[in-house]
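Q: The residues making up each chain are set out below.
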Amino acid sequence: AAGVIQSPRHLIKEKRETATLKCYPIPRHDTVYWYQQGPGQDPQFLISFYEKMQSDKGSIPDRFSAQQFSDYHSELNMSSLELGDSALYFCASSLGLKQGPRHEQYFGPGTRLTVT
Amino acid sequence: AQTVTQSQPEMSVQEAETVTLSCTYDTSESDYYLFWYKQPPSRQMILVIRQEAYKQQNATENRFSVNFQKAAKSFSLKISDSQLGDAAMYFCAYRSMGGATNKLIFGTGTLLAVQP
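Going down the list, the sequences are from chains A and B. By the count of our numbering, the first sequence reaches residue 116 at its end, each step adding exactly one. By the count of our numbering, the second sequence reaches residue 1116 at its end, each step adding exactly one.
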């Protein structure tokens, strides 16, 4: 079965640079979530999109922005990178709430971002 | 706001033995979901088991079962016949049912070691 695809899998950037992370949800999934997992920490919710509209927002810095496109893939744009942005960034996808509350979130393999 | 607490940073179990991981949560909602996710060294987030709060019956998935105590806001995971492949970080997670948000709120995790 198709899974959530994230690219790139690894990314190394320098401070003050920008980075773009991409997420391709499971086919037919219309909801995408982004989570950030720092070293030795639990995943923290950043932002989610349903049908290309932002549906919820968590602890996402103003330097970050995200969007969901017409094909439901999503991109997380990160600017003015800081050392503290080094983390594993997960994307998850699910069917939307309007289709029922039971739908699971399926996680991608994550993008490991290292800021030097 | 909802919170999830895992008070055991690390646990160890002998192969073929049984281990129980603890999780407590705080919420004012009456309907919600609880999950256990497994994160092996590959860092992939894998759903282990799910419990709907409106169901009194404890969920089971093969060697994995939960003890859900709604009044006590407790949600422990029991792993029977532990295998070397069960060694991983285990996260307890909460998700509201309904409403605009479907985000997962994670605990800080329990690192499980399985001794041969």
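Possibly wrong hints are sitting among the right ones.
With a Cα cut of at most 30 angstroms, we get these calculated DSS-like pairs of lysine-lysine [unchecked claim]:
1) A:52 x A:22
2) A:13 x A:52
3) A:15 x A:57
4) A:57 x A:22
5) B:1073 x A:57
6) A:57 x B:1070
Here are some chain B residues pointing at chain A (derived, C-beta under 10 angstroms) [claimed, not checked]:
7) 1006
8) 1025
9) 1037
10) 1039
11) 1046
12) 1047
13) 1051
14) 1087
15) 1089
16) 1091
17) 1093
18) 1107
19) 1108
Hints are computed from structural coordinates only; laboratory data are not their basis. As the structure is a prediction and not an experimental result, all values here were calculated from the model. Cβ coordinates follow ideal geometry from the N, Cα and C atoms, glycine included.
Q: Now look at each hint and say whether the structure bears it out.
A: Checked hints:
no.: 1; hint: A:52 x A:22; verdict: holds (15 angstroms)
no.: 2; hint: A:13 x A:52; verdict: holds (28 angstroms)
no.: 3; hint: A:15 x A:57; verdict: holds (25 angstroms)
no.: 4; hint: A:57 x A:22; verdict: holds (18 angstroms)
no.: 5; hint: B:1073 x A:57; verdict: holds (26 angstroms)
no.: 6; hint: A:57 x B:1070; verdict: holds (28 angstroms)
no.: 7; hint: 1006; verdict: holds (9 angstroms)
no.: 8; hint: 1025; verdict: violated (13 angstroms)
no.: 9; hint: 1037; verdict: holds (8 angstroms)
no.: 10; hint: 1039; verdict: holds (9 angstroms)
no.: 11; hint: 1046; verdict: holds (8 angstroms)
no.: 12; hint: 1047; verdict: holds (6 angstroms)
no.: 13; hint: 1051; verdict: violated (12 angstroms)
no.: 14; hint: 1087; verdict: violated (17 angstroms)
no.: 15; hint: 1089; verdict: holds (9 angstroms)
no.: 16; hint: 1091; verdict: holds (6 angstroms)
no.: 17; hint: 1093; verdict: holds (9 angstroms)
no.: 18; hint: 1107; verdict: holds (6 angstroms)
no.: 19; hint: 1108; verdict: holds (5 angstroms)
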